[in-house]
Amino acid sequence: MRSNTSVKMFCVLLSLLLLSGCIPRSIVDEVSLMHNVGFDREKGMIKASVIFPNYTEINKPTLITAYAKNTSSLKGKLAAKIQSHLEMGQVRVMLLSEKLSKSGISQLLDSVCKDPKIGVIRIAVSRGSLDKILETSLKESPVYLKNLIDNSIENGGIPNIDLHTMFDQHYGSGIDMYFPTLNLDPKGKIFVDGIAIFKKDKFQYMISDKEALLLKFMSDRNKNGKYEFNLNMNGHKTNFGFETLYGNHNKHIIRNKNIEKVKLNLVLNIRIEELPEWIDLQNKSDFNSLRNNIQYSISREAEQLLESFQKNKVDPLGIGRIYRIKQKGWTENNFYQNIYPKLNFEVQTKIIFRQVGVGK
Amino acid sequence: MGVKVKEQFQVSTFFTFFLIHASQTSVGLLNYQSIISKNAQQDAWISLIMTGVSIHIVLFIIFKLLDEKNNDLVAVHHFCFGKILGNILSLLVLIYFLSSNLTIFRTYIEIIQEWVYPTIKTWQLSIIFGLTIYYIVSSGFRNIAGFSFWGVIIPSFLFGLIYFPMKHMDFTYLLPAFSHSIKDLLQSAKASIMLFLGFEWILMYFPFLKGSSKVPKWAHIGTFYSLFIYLIITFVSFLYFNQEVLQHIPWATLMMVKIVQFSFVERFEYIFIFIWLLVILPPLCISLWSCSRIAKRTFSIQPKVSIGIFLFLIGVTSVSLKEFENIDKLANFNGNVGFYFIYIYIPLLLVIKLIKNGFIKSKIG
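Chains V and U supply the protein sequences, listed in that same order.
Those letters in the first sequence? Residues 3 to 362, per my numbering, in order.
Those letters in the second sequence? Residues 13 to 377, per my numbering, in order.
Mixed in with the good hints, there may be bad ones.
Unchecked claim - Calculated cross-link-like contacts (lysine-lysine; reagent style BS3-like; alpha-carbon spacing at most 25 Å):
#, chain 1, residue 1, chain 2, residue 2
1, U, Lys133, V, Lys119
2, V, Lys116, U, Lys195
3, U, Lys229, U, Lys50
4, V, Lys10, U, Lys50
5, U, Lys50, V, Lys330
No wet-lab data here; the hints were simulated from the structure.
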């Protein structure tokens, strides 16, 4: 009995050992992990530029480009140019050129959706030359671009955009997707300069980083950012800025008679970082007037932004979705052709002075 | 006629909970969202509740079917249809149990191939899993019960992972609620049956449970717990994914795990898939054990022999199922057979049994 059990145990152990040898392995030193991928369109082909750090030689990341007609064979073309197995699992930033974005990216996004290896990824649109941006990032650390975008999402004016929101906006109806855009400043530094809004899968409308902050207020849970506007108060004029800490928003549709209105309530908790000397917050009227000025400025600019979305036929805020809740037989085409252009917008902002700084 | 199982081979009554719950949770939990929401969309959770309630009714029927004298399915078959016809029916049930086993077995291998190792061969994984299953099943029912216990306890920490998608929930995705017709709801309810299938194996292991009077209570608690967990996961995934997105991602649960990140492990879905083996093994073992039990009770084949034969059959069929479409078809087929088995065959069996009982009584009277 006992020998029988040990023979069985031996067989199981042996087969486990033998069979585990069949598992395909990939060792970090022996694969080419890429961190940044850029896609462009040239002469009817898709061009991929890939950066991956060469871990065998210290600090020598390389940029490799390949051309193909579809994304699947692109991988093969790239693989032919590097010494070791290409691994997609560590891709952090996917950069799309403006030209490619304007011609449609659904095929590319589908390949992202189907690849189980792709995990934490930020998609961005490059304004200006994609190659230049990638070449500039070669000098920095491999995750430089990712950190740059992460930082502007967390603390800057860019709403959160990751794989999940991309799927949600791309495959879901009643909302349009958007990605941050990267650009080069005159000194050759990369910076996030705004948001590219897509209609279906085509780049349609671009907004600046200041407008993007308003979009962040109206759509994202995280409302951290720096807001500035021209303050005109007590006969003085100045440019005034402050930091928004957190807050909440809700949007709903009000129907009366023939007019349909999108009403957006915004509550923002702010911290004041600098004050012109002619404002005294201890003074009740100064305090209220400052609050009203800020509230008015944000509301008006947000309304203008919403109207410009309407004019350019994009809906990054997902107004179609709120509308769908109350309308039976909602269809995307009908909404954007007949209803969306006629909507009115009203934004109401409430400002709470949470912190006014430690100095006086 | 029924069997008396010696007490040393029996397990405590509360193990019914783990056996029932473990045999219901399997691969279906990884990809059911897109299947059940095909018709009822955001209202599919209502269908899920409908199915859950109906499963409680079926369980009630099952415990009416089994009694002191006829305490497993084979005995009931003998009682209702006589020896020959009864054995043929038992053989058909055996084939159905085997196909449930095959579905889970092959789908799990597909998940590993699709998500982790695209180039690994089916036969390699079949041998590894086959040996493991043989090892567990051949050591008897008590071992399987123990394995079901740990197969419920250990993976339950995975449940805490719903915290990550919960951070991104959007409550408007459930609106407009109650906007689908009864027909849509019923179609979704039918699709969600595969989540609950597996509990019917109690028809074979019922004699192995101690104190049979308290078994129904634990069985109902087990089913209710499954329903409860399914509902929570359904709500979280419906609030996390838009309905249109769900139709684009077949493995919704794994896609939710994808966003889980710790500072020490970035891709939790790989760990999740392999921990899921612990969830897969109990249903595989219980169904295979039930098959071998039917073979023993009807044709007096030794379990060690029959388990080997069954595993060989499962391995061979798994390897021969090459295209993903066939695997989907198999899962569909199995779900359909299960649907007719629990909703039509079992109530029918109860009716026949009651008629026969009345007939015998009137004869004696």
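Hint-by-hint comparison with the structure:
no.: 1; hint: U/Lys133 / V/Lys119; verdict: holds, 19 Å
no.: 2; hint: V/Lys116 / U/Lys195; verdict: violated, 32 Å
no.: 3; hint: U/Lys229 / U/Lys50; verdict: violated, 34 Å
no.: 4; hint: V/Lys10 / U/Lys50; verdict: violated, 47 Å
no.: 5; hint: U/Lys50 / V/Lys330; verdict: holds, 18 Å
Hints 2, 3, 4 from the earlier list are contradicted by this structure; the remaining hints agree with it.
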